[in-house]
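Novice: Okay, here's what each chain looks like letter by letter:
Protein chains: 6
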Amino acid sequence: MKINIVNPNTTASMTAKIGACARLVAAPGTEIWACNPSAGPATIEGHYDEAMSQPGLLAEIRRAETAGADAHIIACFGDPGLEAARELASGPVIGIAEAAMHAASFIGKHFSVVTTLERTCGIAAHLVERYGMQRACRNIRACEIAVLELENPASQAYAAILHECRLALAQDKVDCIVLGCAGMADLCRELSRELGVPVIDGVAAAVSFAEALVRLGLKTSKRGEWAYPLPKAYL
Amino acid sequence: MKINIVNPNTTASMTAKIGACARLVAAPGTEIWACNPSAGPATIEGHYDEAMSQPGLLAEIRRAETAGADAHIIACFGDPGLEAARELASGPVIGIAEAAMHAASFIGKHFSVVTTLERTCGIAAHLVERYGMQRACRNIRACEIAVLELENPASQAYAAILHECRLALAQDKVDCIVLGCAGMADLCRELSRELGVPVIDGVAAAVSFAEALVRLGLKTSKRGEWAYPLPKAYL
Amino acid sequence: MKINIVNPNTTASMTAKIGACARLVAAPGTEIWACNPSAGPATIEGHYDEAMSQPGLLAEIRRAETAGADAHIIACFGDPGLEAARELASGPVIGIAEAAMHAASFIGKHFSVVTTLERTCGIAAHLVERYGMQRACRNIRACEIAVLELENPASQAYAAILHECRLALAQDKVDCIVLGCAGMADLCRELSRELGVPVIDGVAAAVSFAEALVRLGLKTSKRGEWAYPLPKAYL
Amino acid sequence: MKINIVNPNTTASMTAKIGACARLVAAPGTEIWACNPSAGPATIEGHYDEAMSQPGLLAEIRRAETAGADAHIIACFGDPGLEAARELASGPVIGIAEAAMHAASFIGKHFSVVTTLERTCGIAAHLVERYGMQRACRNIRACEIAVLELENPASQAYAAILHECRLALAQDKVDCIVLGCAGMADLCRELSRELGVPVIDGVAAAVSFAEALVRLGLKTSKRGEWAYPLPKAYL
Amino acid sequence: MKINIVNPNTTASMTAKIGACARLVAAPGTEIWACNPSAGPATIEGHYDEAMSQPGLLAEIRRAETAGADAHIIACFGDPGLEAARELASGPVIGIAEAAMHAASFIGKHFSVVTTLERTCGIAAHLVERYGMQRACRNIRACEIAVLELENPASQAYAAILHECRLALAQDKVDCIVLGCAGMADLCRELSRELGVPVIDGVAAAVSFAEALVRLGLKTSKRGEWAYPLPKAYL
Amino acid sequence: MKINIVNPNTTASMTAKIGACARLVAAPGTEIWACNPSAGPATIEGHYDEAMSQPGLLAEIRRAETAGADAHIIACFGDPGLEAARELASGPVIGIAEAAMHAASFIGKHFSVVTTLERTCGIAAHLVERYGMQRACRNIRACEIAVLELENPASQAYAAILHECRLALAQDKVDCIVLGCAGMADLCRELSRELGVPVIDGVAAAVSFAEALVRLGLKTSKRGEWAYPLPKAYL
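Protein chains in written order, with full-length UniProt numbering: chain S, 1 to 235; chain G, 1 to 235; chain F, 1 to 235; chain D, 1 to 235; chain X, 1 to 235; chain Y, 1 to 235.
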């Protein structure tokens with residue numbers, strides 16, 4: 001089984017980290033393809049960045065589709081371009097926010113999201129609604145660390161995220177934590193160990209759910225809104 | 001990995017069918033335990049039946065927990081006793097309605113449920129809300145076939161279900177179908193082939209999602225509402 | 001008129017207290033039957049306890065139905081087994097959380113619930129949704145007193161509940177209080193006097209509403225989801 | 001116990017009918033005062049009529065308050081002026097739509113409202129939301145009979161209402177009916193007998209619930225939004 | 001174009017201020033008529049006041065309609081009588097709370113309302129729902145200044161409102177402010193300058209939106225719920 | 001005042017038509033700039049098309065911002081890139097679906113949308129939620145005419161749209177119609193005349209509302225989620 005993971009920003013070190021975290025959880029026989037667009041913003045921290053990342057992201061979906069990917073993952077917590085990608089793909093497409101929130105809803109009653117910058121919280125809040133997670137999600141917390149700082153070993157990012165998780169557990173009446181950025185994928189295990197509650201990384205969750213859907217033989221329905229895009233003239 | 005599937009009714013032939021369908025989709029290395037309570041109603045078709053099935057169902061969860069189950073599945077579309085089972089279990093517990101609706105939301109924009117008796121539709125409607133699936137679920141349709149009739153080869157159940165699925169596709173603006181009874185698990189593949197859209201059986205979906213959660217190392221959070229039951233005197 | 005009140009736990013002293021509080025408010029000519037199951041948990045403080053209490057509770061409904069009860073009350077704030085009981089009963093069945101919240105909505109704009117243990121708050125929150133009380137209910141507060149402690153005169157339970165009610169009035173912008181446990185029924189009058197706002201006990205409210213429904217000639221509709229249970233083989 | 005029922009329109013024959021229906025259901029010892037404003041519209045069939053009826057209605061509340069009424073009922077299905085009346089009153093104030101919908105939710109899973117003119121359906125729909133009855137109320141149906149026609153014995157109103165109730169039962173998946181006009185109070189018993197399901201008249205329901213609240217000692221909370229009106233200069 | 005602004009209270013100084021603020025923002029060619037009822041309460045601070053103001057308010061709508069008004073504005077933040085006025089009017093009718101909230105939703109992601117007395121907050125909360133602004137409105141804050149105090153130069157009202165706006169920005173995660181009283185119309189510009197975020201006055205917003213609707217040729221639809229009132233006998 | 005209208009597809013004839021319709025409704029002194037991206041799809045009929053149109057659309061916003069536009073309009077009924085454009089712009093940005101729905105809510109109680117292809121209805125449904133229009137919007141109807149067909153005089157588009165509007169009025173209990181495509185802007189007046197109810201074109205509505213916001217001095221708040229995009233490296 002071949003799973004195509006697209007990091008929609010153009011920071012190769014983050015793509016490499018995402019790929020590594022995905023391979024740690026992948027089942028035997030699953031091949032992980034990790035890629036990023038050849039053009040676009042270095043990180044995604046708002047609506048404008050999301051919009052600018054989508055053509056590059058969709059080109060990667062199309063390329064991997066041709067190469068025979070069985071499923072696709074969009075590895076940015078805003079799940080940018082998710083429905084557009086579903087129009088392009090034959091197999092399942094999963095966003096990491098989507099995967100993380102659904103996983104959380106199976107094993108905890110209430111979660112808080114811990115993410116990067118305050119200005120992205122509205123995007124996460126919109127996904128909470130879109131995925132029907134209003135009851136489960138109690139709070140979305142920013143630790144005000146920019147995405148690229150997560151790549152910087154000197155950034156103290158781990159400590160800041162741990163601190164925000166502790167605040168969530170103390171104040172939000174939650175029993176698990178959802179990490180709100182693909183760039184936090186490598187911190188998940190350690191955070192869970194220190195906090196003593198489930199901490200959920202969307203990259204890993206998306207890999208396992210994609211494997212599940214492929215094994216079930218389920219593909220994106222082409223009957224309705226996610227039918228292949230209509231052929232269209234382009235200027 | 002050991003997955004414990006509890007059919008909460010006491011009809012052994014249905015338990016056997018559920019086990020067989022689960023094994024068809026299970027990953028290599030997954031052991032499927034299929035069981036049913038030693039006491040309780042032969043089928044579950046209403047609130048009273050659900051209530052009467054739960055002590056037997058919970059005894060099976062407890063037994064399998066002691067025997068080392070990594071995850072549990074409740075194989076009745078009303079997901080009876082789901083939160084009570086989560087209090088008992090250390091690993092994940094998944095209901096088949098829950099699994100089917102979540103799977104549907106990944107690969108289709110809108111689904112209809114096709115189930116057995118009209119009198120059970122309110123139970124399914126309640127789950128649609130509980131799982132945040134109000135946007136995704138367009139209709140819940142009964143074909144007025146009792147659960148035990150599904151076990152009867154002479155019942156024409158397949159034709160009636162196929163007919164109701166066709167009505168759903170023609171009238172409900174949906175792009176996939178969720179089967180609303182564990183007893184329909186064996187019909188899923190054929191229905192999907194005939195209808196040309198994804199048809200989702202909750203038993204299979206729950207097995208794959210349980211495998212995914214176990215592989216992710218996620219267990220039921222014991223920090224909040226699903227902590228182990230308090231010790232209690234019993235009359 | 002005969003009203004059957006089932007305390008779904010097996011603590012006889014609590015049953016006696018519930019019966020006494022019910023009789024204080026009952027209209028002339030109303031006969032109060034207070035009972036509890038012969039088997040089951042001593043108190044109900046979670047989903048597991050709720051599930052285990054229901055067969056015993058339903059046996060009491062069935063028994064009283066045969067004995068000619070005109071209406072039934074389920075005297076535990078989680079309203080366990082309410083819809084199952086409605087399938088069994090010909091007359092009205094009312095849960096005490098249901099009665100208390102509806103009464104509150106008639107005489108106050110916003111209420112907070114003050115209940116026993118934090119782990120039961122999710123159950124109350126679910127009822128708030130089920131009864132359409134999301135606008136009216138501002139908060140659900142636990143005073144972390146176990147149900148049996150309410151039976152213990154040395155427990156300082158009254159002081160703790162009074163304190164939590166005062167916090168609700170100071171912080172939640174509410175104008176009345178709903179008591180979240182049948183075991184608090186005897187404290188209602190005194191709390192209301194000290195706080196100077198309406199305090200609502202579900203046992204008393206359920207008695208008066210049951211009397212109202214019986215006087216109106218209204219019985220549980222047998223046309224739809226609450227039709228009598230289908231006859232069923234039992235192992 | 002004295003219950004003041006205000007018919008907010010100025011049609012005395014309707015006031016008399018409302019009073020008679022109220023007395024049929026009142027408990028021994030309950031005194032029913034039925035009145036209507038001395039000025040205002042003959043019937044209420046829209047937002048403008050509602051607005052114009054309220055000063056007269058509120059004068060009746062104030063008058064009865066001085067005369068020692070223990071509770072008040074607003075006997076028009078739009079529940080006009082309900083919150084304004086609660087500011088004026090010390091005891092409980094109940095609207096007949098409010099009472100009917102709450103009663104329905106105790107004894108049926110889903111109801112449809114059968115009312116007079118299509119143009120009033122939006123008012124009823126707004127009340128469905130305000131009282132949290134969105135799950136319970138499946139439809140609001142107009143039989144296009146003006147309110148005054150209900151007072152006209154030659155109007156065939158009974159047949160038209162019966163017909164609309166039958167349509168509701170056949171098409172709306174409901175198990176009980178709520179009558180959407182105080183002027184239908186006298187038809188309730190006969191409709192219920194013919195239809196074989198509970199049919200709920202808000203006038204009767206409001207009387208019984210008002211009695212219940214008075215017996216419980218519950219009064220309108222004066223702590224928040226329903227405090228007595230501030231003293232105010234009037235031009 | 002003639003726009004009729006009705007201040008529904010009877011305080012002429014407030015009417016004058018409202019008219020002046022409206023003229024400041026009106027387009028060239030727009031004639032502003034500012035009026036108030038000849039009878040009714042001096043200020044509107046609760047449900048009772050709202051009810052008592054409506055006949056006078058509606059008389060002003062009717063009068064201006066005859067005089068050829070192209071649109072009407074109801075200049076009280078509770079938008080009293082809005083739907084009743086729409087029944088009477090041929091052109092558009094806009095409430096100032098409605099206008100302010102819609103304007104806020106175009107230029108900010110989240111707003112808080114800063115209003116007069118706590119007891120009116122429930123009325124504003126109801127409008128938030130009615131206009132679908134639950135996502136946009138984060139809080140409704142009272143600064144506990146009575147409406148008439150806004151007319152009193154010695155009242156320090158400006159400082160109190162500014163303080164509450166600063167609290168909203170610091171605590172509510174909002175990016176703009178809606179002023180919750182027509183009597184604050186003259187403070188809007190200065191508050192916006194000091195706070196550095198958009199501050200929205202509903203009077204000005206309503207004038208501009210009324211002009212927009214008239215220019216678009218849009219009038220109140222007479223096809224449904226807002227058809228002209230039915231002719232009716234009056235006592 | 002300069003208003004920049006971006007048609008996000010690359011069909012110049014449609015841009016010209018949009019500009020012409022905008023100028024018909026613009027106030028004296030308003031300058032209308034109508035443009036479209038230099039690259040991208042010829043029409044937008046799904047999620048993929050929306051995603052591919054956004055970088056070109058945003059380049060037009062940025063260009064006009066530099067040129068001194070006071071406000072921007074996105075002239076495609078899916079309102080693609082609306083929040084991204086708000087990050088870029090200093091003045092207000094309005095989508096035509098947003099403008100049309102808000103206008104409808106001022107002058108009608110309920111509307112139906114009549115749009116092009118069924119596959120775009122989900123996008124419109126999402127906007128209904130985002131703008132809080134769930135109560136007001138009763139239906140979204142496709143007449144299955146592709147966007148480019150609207151440009152084809154031989155297409156019978158007018159007749160098909162008129163037919164669908166008539167069905168909406170007959171079946172949906174609505175009192176006004178929202179046209180669901182910028183390409184229908186020129187049909188609005190004639191449809192309204194034939195149908196006798198308000199018909200709302202989003203292009204015209206957006207022009208008038210943009211003028212209103214500019215006159216009010218309201219600009220996109222830069223305090224929160226719509227702050228200018230963070231500077232970012234681009235591959």
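Just so you know, these hints were derived from the structure itself, not from any lab. These numbers were taken from a predicted model, which means no experiment stands behind them. Just so you know, not all the hints are guaranteed correct.
Claimed, not checked - Heads up, simulated BS3-like pairs for lysine-lysine below, C-alpha to C-alpha not over 25 Å straight-line:
1) F/Lys-173 <-> D/Lys-219
2) G/Lys-219 <-> S/Lys-222
3) X/Lys-2 <-> F/Lys-173
4) G/Lys-222 <-> S/Lys-222
5) S/Lys-173 <-> G/Lys-173
Unchecked claim - Residues of chain D placed beyond 10 Å of chain X at every Cβ, according to the derived structure:
6) Thr-10
7) Ala-42
8) Thr-43
9) Glu-50
10) Leu-58
11) Glu-65
12) Arg-86
13) Leu-88
14) Arg-119
15) Leu-187
16) Pro-229
17) Lys-232
Positions of the beta carbon are idealized from the N, C-alpha and C atoms, including for glycine.
Novice: For each hint, tell me whether it holds in the structure or not.
Specialist: Structure-based check of each hint:
1. Taken as a hint, the F/Lys-173 and D/Lys-219 pair is honoured in the structure, with Cα atoms around 18 Å apart against an allowance of 25 Å.
2. Our distance criterion of 25 Å between C-alpha atoms is broken by G/Lys-219 and S/Lys-222, whose separation comes to about 35 Å.
3. Restraint check for X/Lys-2 and F/Lys-173: the C-alpha separation of about 43 Å exceeds 25 Å, so the hint is violated.
4. A threshold of 25 Å between alpha carbons decides the hint, and for G/Lys-222 with S/Lys-222 the separation of about 41 Å lies outside it, so the pair is violated.
5. Distance hint between S/Lys-173 and G/Lys-173 is unfulfilled; the C-alpha atoms sit about 39 Å from each other, more than 25 Å.
6. Non-interface call for D/Thr-10 relative to chain X: violated, since the shortest CB-CB distance, roughly 4 Å, does not exceed 10 Å.
7. Not every Cβ of chain X is farther than 10 Å from the Cβ of D/Ala-42; the closest lies at roughly 4 Å, contradicting the non-interface assignment.
8. Consistency note on D/Thr-43: stated as away from chain X, yet its beta-carbon is not over 10 Å from all of that chain's, at 7 Å minimum.
9. Under the 10 Å C-beta cut-off, the non-interface status given to D/Glu-50 relative to chain X is violated; the minimum distance is some 7 Å.
10. The Cβ of D/Leu-58 does not lie farther than 10 Å from every Cβ of chain X; its closest approach is about 6 Å, which violates its non-interface assignment.
11. For D/Glu-65, the requirement that its beta carbon stay farther than 10 Å from each beta carbon of chain X is met, with the minimum near 12 Å.
12. Not every C-beta of chain X lies more than 10 Å from that of D/Arg-86, the closest at about 7 Å, which undercuts listing it as non-interface.
13. At roughly 6 Å from the closest C-beta of chain X, the C-beta of D/Leu-88 falls inside 10 Å, breaking its exclusion from the interface.
14. At roughly 6 Å from the closest C-beta of chain X, the C-beta of D/Arg-119 falls inside 10 Å, breaking its exclusion from the interface.
15. Every Cβ of chain X is farther than 10 Å from the Cβ of D/Leu-187; the closest lies at roughly 23 Å, confirming the non-interface assignment.
16. At roughly 4 Å from the closest C-beta of chain X, the C-beta of D/Pro-229 falls inside 10 Å, breaking its exclusion from the interface.
17. For D/Lys-232, the condition that its CB be more than 10 Å from all CB atoms of chain X is violated, with the nearest at approximately 5 Å.
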